[in-house]
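Undergrad: Letter by letter, the chains look like this.
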Amino acid sequence: MSDIRYLAPHTLDDAIAQYAAADGAARILAGGTDLLVQMRSGVLKPSTIVDVKKVPELMAVEETADGGFRIGAAVSGAALEEHAKFGKVWPGVLEGLNLIGSTQVQGRASMGGNLCNGSPAGDSVPALVAAGVVATIKGPNGTREMKVEDVPAGPGKTNLKPGEILVSFTFPARPKGSSDAYLRMIPRTEMDIAVVGVGVSLTLDAGTCTAARVGLGAVAPTVLLVADAAKALIGSKLDDAAIEAAAAACSAACNPIDDKRGTIEYRTKVAGVLLKRATAIAAERAGRA
Amino acid sequence: MAKIHVSTTINGEPTEFLCDAGDSMLDALRDTLGLTGSKEGCGTGDCGACSVTLDGRLVCSCLMLAAEADGHKVETIEGMASDHLHPLQQKFLESAALQCGICTPGMLIAAKSLLERNPDPTETEVRFWLAGNLCRCTGYDKIVRAVMETAADMREAAR
Numbered sequence: 007m008s009d010i011r012y013l014a015p016h017t018l019d020d021a022i023a024q025y026a027a028a029d030g031a032a033r034i035l036a037g038g039t040d041l042l043v044q045m046r047s048g049v050l051k052p053s054t055i056v057d058v059k060k061v062p063e064l065m066a067v068e069e070t071a072d073g074g075f076r077i078g079a080a081v082s083g084a085a086l087e088e089h090a091k092f093g094k095v096w097p098g099v100l101e102g103l104n105l106i107g108s109t110q111v112q113g114r115a116s117m118g119g120n121l122c123n124g125s126p127a128g129d130s131v132p133a134l135v136a137a138g139v140v141a142t143i144k145g146p147n148g149t150r151e152m153k154v155e156d157v158p159a160g161p162g163k164t165n166l167k168p169g170e171i172l173v174s175f176t177f178p179a180r181p182k183g184s185s186d187a188y189l190r191m192i193p194r195t196e197m198d199i200a201v202v203g204v205g206v207s208l209t210l211d212a213g214t215c216t217a218a219r220v221g222l223g224a225v226a227p228t229v230l231l232v233a234d235a236a237k238a239l240i241g242s243k244l245d246d247a248a249i250e251a252a253a254a255a256c257s258a259a260c261n262p263i264d265d266k267r268g269t270i271e272y273r274t275k276v277a278g279v280l281l282k283r284a285t286a287i288a289a290e291r292a293g294r295a
Numbered sequence: 003m004a005k006i007h008v009s010t011t012i013n014g015e016p017t018e019f020l021c022d023a024g025d026s027m028l029d030a031l032r033d034t035l036g037l038t039g040s041k042e043g044c045g046t047g048d049c050g051a052c053s054v055t056l057d058g059r060l061v062c063s064c065l066m067l068a069a070e071a072d073g074h075k076v077e078t079i080e081g082m083a084s085d086h087l088h089p090l091q092q093k094f095l096e097s098a099a100l101q102c103g104i105c106t107p108g109m110l111i112a113a114k115s116l117l118e119r120n121p122d123p124t125e126t127e128v129r130f131w132l133a134g135n136l137c138r139c140t141g142y143d144k145i146v147r148a149v150m151e152t153a154a155d156m157r158e159a160a161r
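Listed in order, the protein sequences are those of chains U and L.
For the first sequence, the residue numbers in this note's numbering are 7 to 295.
For the second sequence, the residue numbers in this note's numbering are 3 to 161.
Any given hint could turn out to be false.
Unchecked claim - Each computed DSS-like pair below joins lysine-lysine, with the alpha-carbon atoms no more than 27 Å apart:
#  : chain 1 : residue 1 : chain 2 : residue 2
1  : L       : K5        : U       : K144
2  : L       : K144      : U       : K59
3  : L       : K144      : U       : K60
4  : U       : K153      : U       : K91
5  : U       : K144      : U       : K182
6  : U       : K60       : L       : K5
7  : L       : K5        : U       : K51
8  : U       : K243      : U       : K94
9  : U       : K275      : U       : K182
10 : U       : K163      : U       : K153
11 : U       : K94       : U       : K51
12 : U       : K182      : U       : K266
13 : U       : K60       : U       : K182
14 : U       : K182      : U       : K51
15 : U       : K243      : U       : K266
Don't read these hints as lab results, they were simulated from the structure.
These figures come from a predicted structure and were not determined experimentally.
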């Protein structure tokens with residue numbers, strides 16, 4: 007692997023210039039927990055590696071002026087877990103991120119890497135979609151914003167243009183009575199890849215659901231925003247009929263692969279089951295928020 | 003391609019070495035620096051035998067490029083004992099919390115990292131923290147008990 011170039015720029019502008027100047031075989035290095043494995047297995051042979059962990063914008067955890075958060079794309083799961091406030095406001099996002107790999111992997115793995123790796127089963131992605139998070143992307147032609155659900159293009163692919171770097175995630179301010187939850191189904195008890203993952207974010211006002219978003223992972227080529235499931239929840243008191251309708255919408259949205267880890271039929275059914283359970287957890291948390 | 007010059011601190015010692023861009027930190031530790039305590043089990047971040055800390059944060063050295071160590075502090079198993087063994091090392095010996103020993107350096111580094119953050123972990127917390135450290139001899143029970151007992155001893159010693 008001696009023909010690889012390693013660059014570790016200190017500013018975002020340098021990172022973009024270096025990444026754009028390298029040919030298409032350049033790769034961004036955040037935590038490296040996917041990249042190094044792919045290099046080792048020979049799946050990827052990058053010409054240039056641009057390590058973005060010295061770029062302040064990618065490593066920052068900030069509260070925004072309107073009461074939301076801006077999280078750098080390369081912030082590790084362990085660093086975000088140690089933040090005093092983030093996990094209280096977005097427990098579902100944090101639990102999704104913290105489900106990725108072991109303690110060692112958490113020391114490095116980031117939400118930006120998880121999203122850009124493009125796996126339909128990335129555990130932080132459904133909760134980010136449910137949270138209504140906006141990704142800030144910067145490239146040689148300037149800065150643009152993209153909803154998280156619009157970033158993946160298919161397994162291993164994103165809608166970032168050549169030379170563009172995912173910089174940060176902006177989380178909206180939370181009204182009182184809001185919370186979120188993420189649940190996944192895996193055949194083992196821990197440290198596995200989701201067969202189905204569901205993120206639910208909602209707001210309750212006197213028991214009535216006034217806002218909701220649902221993200222669904224590992225059951226389609228990309229993580230999905232399930233608008234019909236959210237629609238079934240919004241306006242309800244999260245009664246059985248509303249939850250059943252939302253679960254049915256999740257199952258209907260599934261377009262999964264059929265493999266030894268989960269059949270199409272199983273994944274489709276479990277998507278509905280996890281929606282019900284994640285909604286119950288999010289609602290219980292929202293009641294305390 | 004020219005080698006990359008890395009200036010880092012390993013177990014408190016300022017250290018310089020040369021590496022290729024694709025070399026992992028584990029490659030540099032074992033092959034360049036002769037620090038063979040960190041083991042390569044899987045090379046893909048699953049087994050934890052190569053565990054080190056980077057600026058105090060537990061990581062797999064196989065999932066880190068050697069070039070990334072530049073300007074940072076790395077702690078390996080070679081730095082764990084001073085003029086006497088670390089209490090975890092002593093307890094692992096006394097309670098036979100190892101069989102073949104390949105996972106042991108990673109287990110010790112990971113356990114030390116846990117006890118620095120949480121001096122009084124529950125058994126569940128120990129098991130979760132060490133979930134990324136695989137022991138193919140399946141000696142987990144003795145390992146977990148040794149960590150719990152060391153934590154208790156260290157709390158007692160700190161009183």
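Undergrad: Among all the numbered hints in the text so far, which are the ones the structure does not match?
TA: Hint check: 1, 2, 3, 5, 9, 11, 12, 13, 14, 15 fail, others pass.
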